[in-house]
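Hey, can you work out the whole structure from these sequences and the hints?
Line by line, the protein sequences are chains A and B.
Each residue of the first sequence is one higher than the one before, starting from 1 at the first, in full-length UniProt numbering.
Each residue of the second sequence is one higher than the one before, starting from 1 at the first, in full-length UniProt numbering.
One should not assume that every hint holds.
Keeping only pairs whose Cα atoms sit at most 20 Å apart, straight-line, the calculated EDC-like set for lysine to aspartate or glutamate is [what the hints assert, rightly or not]:
#: 1; chain 1: A; residue 1: K352; chain 2: B; residue 2: D398
#: 2; chain 1: A; residue 1: K219; chain 2: B; residue 2: D403
#: 3; chain 1: A; residue 1: K417; chain 2: B; residue 2: E414
#: 4; chain 1: A; residue 1: K219; chain 2: B; residue 2: D398
#: 5; chain 1: A; residue 1: K215; chain 2: B; residue 2: D394
#: 6; chain 1: B; residue 1: K365; chain 2: B; residue 2: D331
#: 7; chain 1: B; residue 1: K462; chain 2: B; residue 2: D504
#: 8; chain 1: B; residue 1: K429; chain 2: A; residue 2: E425
#: 9; chain 1: A; residue 1: K352; chain 2: B; residue 2: D403
#: 10; chain 1: B; residue 1: K426; chain 2: A; residue 2: E406
#: 11; chain 1: B; residue 1: K426; chain 2: A; residue 2: E422
What the hints contain is simulated information worked out from the structure, not anything from laboratory work.
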Amino acid sequence: MGSIFADFQQAQRVGDGRLLASCLAPIDTARDPHRLQSFAQLSNYQTITADVRYHLIQAPNAVGLPKAEANAWVDIFVALWKTVKELVGLRQGNGTGDWVRAFDAYKELCNFLVRGYTNFGFQSWTVPCLYVAGKYIRMIAMKADSEGRAKDANGGTAFANGFSDDIISDVNKHEKLEQAAWTINRMFTVCLSDRSELAESRKWGIYSTTNLLFKTYFKLNSISLTRNVIRALEAASADLPPLELFPKSHRCTFKYYRGVIDFLQENYTDAEMHLTEALSLCHKDSLKNQEQILTYLIPAHVVNHHQLPNRALLAPHPSLSRIFTPLFDAVRTGSLAAFDEALTSAEPELVKRRVYLTLERTRDICTRNLFRKVFLAAGWEETKDPATGEVAGRIRRTRIRIEEFEAGMRVGYKGAKDVMIERDEVECFLANMIYKNMMKGYIARDRGIVVLSKAGAFPGTGV
Amino acid sequence: MYSSSSAAGHPPWQAQSSYAPNQNAYIQVPARQTFGAQPPVAQPNYYVPPQYMHHPSTDTPIAQPAPPAKKKMNWSPDVRDYVNRSFAQTTSIPGVTKEQIEAKLKEIITDATQTGRLDTMNWKELPLPQEMIQEERKRGLLAPVPHPSYVPSLPTTTSSPVTYQSHPDAPRKRKSAELAKEPGYTIVTPPWRTNAGPLADRVSFVPTEKRPKLDMSSSVSKSKASLESRRRRFEDARAGSNSPRTQESSRGASPEANMIGPIVGRCQKLEKNYFRLTSAPNPDDVRPLEVLRKTLELLKKKWRSDGNYVYICDQFKSLRQDLTVQHIKNDFTTSVYEYHARIALEKGDLGEYNQCQTQLRELYKQNLGGHPVEFKAYRILYFIHTCNQTDMNDVLSDLTLADKKEPAIRHALEVRSALALGNYHKFFKLYLTVPDMGAYLMDMFVERERLAALACLCRAYKPDVRLRFVTEELGFESDEEACQFIIDHVPEESPPLLEERDGDVRFLTGKVGSIFQVAKARAFGQVDIKGQI
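So, in structure tokens, the structure goes:
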């Protein structure tokens, strides 16, 4: 008999949600490296229900569960067995396994599980089961989809089913994953809608299922759907336990996704807030996760505060450093040519991570730094005491001819190909700087000069 | 009109018609006695529009009161019994409507008359029309689904008996083709039409009292009533084709509802109104590829001559629907979507345009011809308009290096980057050099970008600039246009912002304050892409 049932009885006896949940994971464990194999060999399609029933209910060591609840678990483990049967077949590679069938079986498991909570009185300590089931249905769904696509490539292309008017619907590409998203959404609802007391509530599973849901929506590239989830969470926020009381892993992932969602909606202030929190919650050894967070946190911070990351921050993350460093070096020196070059060469990578359009904006800082250099190069003027007419001191020259900025831009574009600099375009950039408060002053067009503020012409830069 | 012109020559089966003076004598007989007029008790609570049923007679010029070559129809008792049995309550089959039975019956009798077997046929053994219909449907469902690109050749009037036998619907198809295309087609008209024109007319007669009955019926719920009116619209649309339905639409058709495979259309009409499908499509209403090709040409011509967008859009939607239900996916599909997208662009119907664009994106991925470069460029411009950074990111990730070298795409990308960097100088230069129909898209957002640029200009330039400068920088065609634009966006109570000095019009940027900033915020807040014409 499989260790799965032993774990199940043990978990039920002591009320260990994690142990119980681990029973539903269709994987081998360190403790039992042949778990799947032995579970698959337990029975066959004819007798599986009876066998599972025996192990769960009638075995000598069985915990006496209420009848309805026990029956629900029987259904769950029968579905698990069907899944495992497929997975073992796949592993053997003799054509007896199929990802789509595995997915269907595991989806059945998830549905039984959800029904267990809604109808058959599964207790709240078992909530980790939802997370594990959600996690694996997502993984199996992605496998099933990629298998399906591979098959599709040989045969005909997918067509829109149902009564849609147009040739192609999006449904086909991620058919199983969308179904998985539905299933996970039901799990989310099961957690959110529980009205029992907090100590006994499924609400403690809310963030883990939310995270799974976010993850799935991101994978489906339907990020707009996350908004519904957030709205539902916000609507229920009064009844939810405070976020601080949830496990760090839930909080960190949740904050990460919140931040990325805000980031993608160009709400960089909130994005930075959530991402900073995620970074501080992130385990210090999980570099991969930190890197994920920093991918969005750094651009958000640069856009918000015009502050560039130092090398120490990027040092542990060579792949981030490789794409960010050339870009930010160019910003530092005000080299427009180098900036454009760095942005273009990293474009595919940046687009993939969805940060290209945000980083493009940091070109303003690059331009600002260039104009600032022009200002610094313009030198000093002596000030005279209005009363005596004597030289009282010196300040930087604040009236600067547009030609000087034009020359500055030529320097900034040094080495770039196909760039024509026109005076009107230089003015346009100057106007933008002033409009965006990165430069203080005004353009007097008739006189062909820029009049800069005597007190802090480039706010935040010390001059 | 029939009874008055030849009252003495009533065919026997007509005796119980509602027109007949002695109808009361037979009122208790439960079985139907005629094709057309029904006893009031058996009325279904829906209405078949008269034009649907009467159409054949209006199309065929022989529907005169007293055709000269009129033969009297004297049916044998066997035939009459057969007709009676067809309409008897006990033999009815759910899902087969009276109209379908009538049509089938008409077909059987016509066939028998034509072949001269009317009196020799074994009417007692012959399956009832509803049984035949059911059989046909079964065969239709079981028939192997042909390859999507296969289009059956048009049955001509000389269609061989082979076609007839192998394809039970062939005769109807032929009829609909004739009716749709050759209204004055009299030479080979089947005898039942020449002989019994008024009969055919009456056979499908529907008493007008029915309509009020439907309306007054309190059992018909509101939604049911609207469904009903929807169905009626369908019938109207189908009026031209006299072919009876082989598949029940909307309700009661469970076998077809889960039919997924492609269908092969049989409709020969070029034009068709668009209705959203609520059940499996009827092949009689679907036009095959070769008809659709002609349809596209017709629509192109009509669009050039009439420019009626509502009509064209409707027609294109039905065209797209016919392509979809038949799983036709080739370069023709691409050209349909491209043409519709262009028309929608021209009329600024972005909702429709976006639908086409989404489909085109997938079609291009499968290399189905068309103009991928042109439409990829539009797609970029479109997402500039919608200000959707997530979508724009997706567009960028779709582009290949080769794409980026294409002039149209490069142009669109430069537009995007110019706006991202606030480079209005470059943006308006690009606005003046946009290729193809991109101008229609750029027109969508040029106003708000002008406001943005003005907001920037007014903050940066002090105390004023020449109006000419605004004209040139913001791509206006003339100073007057620039002047009008400024005036249009300035509230009445603000101080004058334009001033004439030294023969120059000056724009007093220093006095503008936040006027354009506010206008800009408002303009960007109202990116409405859902609005369809």
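Hints, verified against the model:
1. A:K352 <-> B:D398: The hint holds at about 10 Å.
2. A:K219 <-> B:D403: violated, 26 Å
3. A:K417 <-> B:E414: Holds, at about 15 Å.
4. A:K219 <-> B:D398: holds, 16 Å
5. A:K215 <-> B:D394: holds, 18 Å
6. B:K365 <-> B:D331: Between B:K365 and B:D331 the Cα gap is close to 12 Å, so the pair holds against 20 Å.
7. B:K462 <-> B:D504: holds, 17 Å
8. B:K429 <-> A:E425: OK: B:K429 and A:E425 at ~11 Å, within 20 Å.
9. A:K352 <-> B:D403: OK: A:K352 and B:D403 at ~17 Å, within 20 Å.
10. B:K426 <-> A:E406: holds, 16 Å
11. B:K426 <-> A:E422: With Cα atoms ~10 Å apart, B:K426 and A:E422 stay inside 20 Å; holds.
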